[in-house]
Amino acid sequence: MIDILFYFFAGLAVISSATILLTKNVLYAACALVVTFLSVAALYVLAGAEFLAITQIMIYVGGIVVLLIFGVMLTNKLKGKALVTSSHNPVIGVLVAVILFAGLYYTMDAIDFATVQTATPANNINTLGIGLMTNYILPFEVAAIVLLLGLIGASTIASNKTLDKDK
Amino acid sequence: MSIENFYILSAFLFCIGFAISATKKNAIVVLMGIELMLNAANINFVAASTFDKGIAGQYFALFVIVVAATEVAVALAIVIKLYKHFNTVDLDKINHLKG
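Chains as they are written, first to last, in this note's numbering: chain A, 53 to 219; chain B, 1351 to 1449.
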């Protein structure tokens, strides 16, 4: 049963991410990105990472994609026709990606996965919460500073004000 | 559902994201490709954390999500500034530094 679910959501992720690559419409790409992120969240659940799945849905689907669509809205003169984007060197780009995938697949084929034991902890969220407040407290606080810096930096860059010396 | 299926899916999503950010002309679609690549790395982390009692991979994935959120906010601010300056987000037309 879990296998079927895995292949279903993996196939969904593959199809929707290929849609982003193949479509020319920017908003279709954003919608396909939502589907990709949601199916990746489902895969997190199947891998036993429920907290990350919820985080993925809240931050990626609820935050990042909305922000990207805002970006599309603010950087185009909407004239009632579809927003299209073309590709630059599509053959070479896809060829390099295929070569990269072949290399990664070849390398992963060499790994002996049978020796690795699968042992998912019973209470995932509990472990995650305790870990974030003990062993991983420094990266946790640094993440807070990074978010604050990102907030200030983004609003400074996008603001209309110019620096005093420019006047 | 073995661990290598997760790895292969992650490699595939990474390559798709790479192809998107390498070929597309619109700056925002390039950002979408970068998000896809970060997500592929996260799948790898989560898959690796399934055979780890300390689930270190999930902490990494969490911090990657934080950095991705910050990155996309700053990148979109830069894209909006570029649009104000060049009046386009077509990366082929944004080709001079001091203008």
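These aren't lab readings, by the way, just hints derived from the structure by calculation.
Any given hint could be a false lead.
25 Å max Cα-Cα, derived SDA-like pairs, lysine to any residue [as the list claims (entries may be wrong)]:
(1) B:K1375 <-> A:V148
(2) B:K1403 <-> A:K76
(3) B:K1443 <-> A:G145
(4) B:K1431 <-> A:N128
(5) A:K76 <-> A:A105
(6) B:K1443 <-> A:H140
(7) B:K1403 <-> A:G114
(8) A:K129 <-> B:K1403
(9) B:K1403 <-> B:A1427
(10) B:K1431 <-> B:F1410
Which residues of chain A face chain B? A few of them, derived with a C-beta cut under 10 Å, are [claimed, not checked]:
(11) F89
(12) I121
(13) T127
All C-beta atoms, glycine included, are put in the ideal place defined by N, C-alpha and C.
Hints versus structure:
{"no.": "1", "hint": "B:K1375 <-> A:V148", "verdict": "holds (17 Å)"}
{"no.": "2", "hint": "B:K1403 <-> A:K76", "verdict": "violated (44 Å)"}
{"no.": "3", "hint": "B:K1443 <-> A:G145", "verdict": "holds (19 Å)"}
{"no.": "4", "hint": "B:K1431 <-> A:N128", "verdict": "holds (13 Å)"}
{"no.": "5", "hint": "A:K76 <-> A:A105", "verdict": "violated (29 Å)"}
{"no.": "6", "hint": "B:K1443 <-> A:H140", "verdict": "holds (12 Å)"}
{"no.": "7", "hint": "B:K1403 <-> A:G114", "verdict": "violated (30 Å)"}
{"no.": "8", "hint": "A:K129 <-> B:K1403", "verdict": "violated (52 Å)"}
{"no.": "9", "hint": "B:K1403 <-> B:A1427", "verdict": "violated (40 Å)"}
{"no.": "10", "hint": "B:K1431 <-> B:F1410", "verdict": "violated (31 Å)"}
{"no.": "11", "hint": "F89", "verdict": "holds (7 Å)"}
{"no.": "12", "hint": "I121", "verdict": "holds (9 Å)"}
{"no.": "13", "hint": "T127", "verdict": "holds (4 Å)"}
The structure does not agree with the numbered hints 2, 5, 7, 8, 9 and 10 stated previously, though it agrees with the rest.
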